[in-house]
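Chemist: These protein sequence lines map, in sequence, to chains W and X.
If you count the first sequence from 1, position 223 lands on 223 in the UniProt record's numbering, and the numbers rise without skipping.
If you count the second sequence from 1, position 30 lands on 30 in the UniProt record's numbering, and the numbers rise without skipping.
Please keep in mind that the hints were generated in silico from the structure rather than gathered at the bench.
A hint or two may mislead.
[As the list claims (entries may be wrong)] Estimated spans, in silico, between C-beta atoms of each pair:
1) 111/X / 33/W: 33 to 43 Å
2) 73/X / 107/W: 32 to 42 Å
3) 95/X / 439/W: 26 to 36 Å
4) 261/X / 181/W: 35 to 45 Å
5) 107/W / 308/X: 34 to 44 Å
6) 224/W / 439/X: 44 to 54 Å
Beta carbons: idealized from backbone N, C-alpha and C, even for Gly.
Protein chains: 2
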Amino acid sequence: MSRAASFTAAGPADPVGSAGPAAPFWLRAALDRDLPHRFARSATAAEGAHLRTEEVPGWLDGRRAAHRFQVDRIPFAQLDGWSFQEGTGNLVHRSGRFFTVEGLRVTTTHGPHRQWHQPIINQTEIGILGILVKEFDGVPHLLMQAKMEPGNPNLLQLSPTVQATRSNYTKAHRGADVRYLDYFTDRSRGRVLADVLQSEHGSWFYRKSNRNMIVEALDEVPPHEDFCWLTLGQVAELLHRDNVINMDARTVLACAPFADAEGVAMHSDTELLSWFTSERTRHDVQAERIPLNQVPGWERGERSIDHEDGRYFSVVSVSVHAGNREVTGWTQPLFEPRGLGVTAFLTRRIGGVPHLLAHARVEGGFADTVELGPTVQCTPSNHEHLTARPPFLDAVLSADPSRIRYEALHSEEGGRFLNAESRYLFVEADETDAPLQAPPGYLWVTPLQLSRLVRHNHYLNVQARTLLSCLTSGAVRL
Amino acid sequence: MSRAASFTAAGPADPVGSAGPAAPFWLRAALDRDLPHRFARSATAAEGAHLRTEEVPGWLDGRRAAHRFQVDRIPFAQLDGWSFQEGTGNLVHRSGRFFTVEGLRVTTTHGPHRQWHQPIINQTEIGILGILVKEFDGVPHLLMQAKMEPGNPNLLQLSPTVQATRSNYTKAHRGADVRYLDYFTDRSRGRVLADVLQSEHGSWFYRKSNRNMIVEALDEVPPHEDFCWLTLGQVAELLHRDNVINMDARTVLACAPFADAEGVAMHSDTELLSWFTSERTRHDVQAERIPLNQVPGWERGERSIDHEDGRYFSVVSVSVHAGNREVTGWTQPLFEPRGLGVTAFLTRRIGGVPHLLAHARVEGGFADTVELGPTVQCTPSNHEHLTARPPFLDAVLSADPSRIRYEALHSEEGGRFLNAESRYLFVEADETDAPLQAPPGYLWVTPLQLSRLVRHNHYLNVQARTLLSCLTSGAVRL
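Could you build all of it, start to finish, from the sequences and the hints given here?
Modeler: Written out as structure tokens, the structure reads:
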């Protein structure tokens with residue numbers, strides 16, 4: 001069924017009162033000013049209409065116990081359906097679907113490294129990451145899923161309502177239907193509150209985008225034992241715990257309607273957009289897919305593909321046995337990063353207004369040269385052999401504990417990455433650590449400005465979106 | 001010099017009063033609410049402080065006469081520095097710069113044509129299209145250039161202040177400096193009012209973007225005989241004449257600050273963005289560059305490369321002799337379309353509010369699947385052999401003259417396209433021509449909504465931007 005058709009059919013039937021009494025019934029306000037207030041109400045609701053926050057870890061443990069779920073590392077030779085393609089050495093599935101592991105050569109005009117080669121995941125199909133919303137007692141609640149992913153260090157975390165690749169929902173692996181999917185594909189079932197294509201890890205994926213959606217259900221939503229309704233305030237509380245809210249949930253939360261005040265900022269939105277345009281223009285990034293067996297500096301063994309110096313990441317493979325997944329068992333490759341990441345925004349109050357120091361980052365897999373990342377995004381152990389330290393890393397690592405406004409360990413997408421953990425932080429800085437005259441490639445922006453950008457695709461990278469989710473949910477109030 | 005550095009250096013020194021008395025001097029309003037009003041003032045100024053509108057055609061004739069400028073068609077063999085590359089047959093310049101003519105294979109999942117092959121221009125470097133603004137007698141004026149381009153049917157048209165490829169301004173063809181360029185590259189010289197990367201013709205260019213900029217000069221601007229200051233109202237008047245305002249000027253004008261009312265619309269901005277996301281998602285477009293000599297259905301002669309049925313366009317070459325260009329003579333390839341294009345928005349007042357019927361178009365050269373185009377964008381003669389007519393074409397061609405709200409002939413970029421003319425129209429429609437329940441791929445949007453989208457890259461294609469420039473300039477008031 002055509003989504004466009006179902007969308008326009010639902011069009012004029014759902015007017016918004018705030019268009020004012022003068023507007024005919026088929027018109028609505030172009031901007032919904034009420035929505036951010038409703039989400040703010042959910043963010044201040046420390047408890048919801050269902051599970052209490054303190055009960056969530058126990059509930060997650062229960063779900064973990066209810067499902068047999070075992071992940072074992074296996075040699076590549078034991079992969080079922082996956083093999084190294086003759087000629088290229090690319091790691092591919094016999095169906096031609098899911099994803100492939102290929103090589104990438106990146107050439108760029110700026111930065112300390114002007115050319116590098118690496119393995120990369122090529123997954124062109126666009127998945128849906130969707131959170132379903134419904135009001136209980138006048139407060140919007142989010143339907144979160146207890147979802148197993150083989151790469152998560154604790155296997156099970158809270159995910160969006162729907163987390164589906166196109167292969168998932170078109171049944172490429174012949175499994176069960178994706179629960180609640182129709183709320184996101186059939187516009188008559190819900191009202192869209194956010195819907196935007198966002199990039200994923202540009203260092204590990206070649207031009208991967210997922211569709212981030214928030215949809216409000218218009219009717220009763222049938223319950224299911226692996227799902228629970230939580231307020232934004234409850235999710236915020238859980239974001240303070242390590243490895244509870246998964247990456248897919250965090251990126252969707254970053255797209256949640258945020259305060260609608262226009263506010264003041266060190267740089268106007270026009271200046272911010274202009275700076276971003278100049279960053280996209282000054283970086284000339286050529287990213288070229290090459291055969292995996294032609295990536296210099298990487299070696300393929302029986303159980304892993306590794307960098308010759310043991311840095312960055314390895315390509316490994318696992319077998320998975322599970323009870324509540326779309327299929328009951330499978331094998332697959334995963335990327336396993338070496339070392340713990342550090343991902344942080346330095347923050348300052350400028351004229352009393354909280355600002356974040358954003359970084360225009362080049363990642364080889366981005367669709368378009370640069371996206372905005374946090375101030376610091378690196379794996380320190382990858383830089384130990386270099387004389388130059390990543391900018392601002394020491395300001396984060398040596399910060400007095402009183403300056404750390406947020407700190408938690410989160411893992412990246414457990415469907416593709418194995419134990420890919422990073423310490424996420426907000427750290428208060430001063431003029432010595434982070435001057436108002438930011439160096440080239442960095443700019444002070446407000447959370448509201450980032451929130452306005454995240455409505456559009458490919459402005460904020462996935463790490464910046466994880467940190468933004470701490471602000472949109474109210475987990476961090478700067 | 002790093003643009004980012006000069007930008008942040010200029011940062012806190014230029015506060016905006018509308019941030020209010022409570023804001024410290026280094027903060028400014030995130031959104032500049034005053035700017036659209038200043039541009040609206042310029043749009044209502046039918047005459048400016050300098051040349052009168054009726055004098056502009058005479059002034060253009062004078063500039064045309066003052067410069068010797070002759071364009072002659074030549075066989076490919078007489079191209080200087082250009083040749084067909086061995087092996088690929090690509091048409092390339094010996095410097096490796098400027099652009100190349102290659103082949104493209106496009107495979108898509110929707111529409112009447114699921115795969116096609118064609119020649120395409122590959123020009124990866126990002127140019128600057130910039131209009132300089134300055135107030136005279138309290139009214140913003142635009143500095144327009146009388147610029148020769150070999151492909152324009154009348155050779156000389158009004159262009160932006162600056163229209164420079166990176167080859168231009170880094171002196172790849174060793175010519176004169178680009179006049180006024182520093183206003184756009186050195187942030188201390190002006191205040192940026194708009195700055196965004198926009199696509200160009202996706203049917204003729206492979207992923208071409210130009211940087212569209214509007215900059216307000218902070219100091220005196222030295223005059224030059226090929227440039228004149230005009231109000232937006234004067235430019236609007238000239239947009240009613242055939243082939244006066246060139247494409248580069250039109251796309252920059254489309255990015256001009258527009259009325260800041262949020263307004264009402266048939267679909268909220270969130271719904272519009274969601275529809276756009278669903279259009280990007282449902283189209284799977286694979287565009288693959290291939291050697292020019294492997295493009296089936298196209299034949300290379302001594303003077304042109306043509307489609308076997310004589311449709312679409314030809315690749316030709318010309319020699320140029322000019323006095324006021326960066327260099328005094330050169331040869332180059334051009335794309336020469338067959339037939340006159342028709343490019344039109346159907347319009348309707350919905351609940352009293354003007355709406356346009358936008359089309360989510362696939363063009364093979366787009367960076368990302370689809371962009372929003374006008375309701376109709378085609379060359380009718382290319383469709384004469386087909387049974388299916390392009391949707392809404394007949395509603396445009398058969399419209400009663402009383403319904404034509406705007407009509408003018410404009411040409412596309414004269415530096416790459418030869419006599420590429422299209423009739424641009426706004427045509428009032430009714431429920432019979434264009435129902436409120438738009439078919440899949442089409443959506444009713446307001447001019448304000450398009451104006452909000454055009455601040456971000458790759459939402460509106462260049463044809464939609466030409467029509468939007470008629471609205472931002474006030475040439476058309478729906």
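Chemist: Of the hints given before, which are not true for this structure?
Modeler: 6
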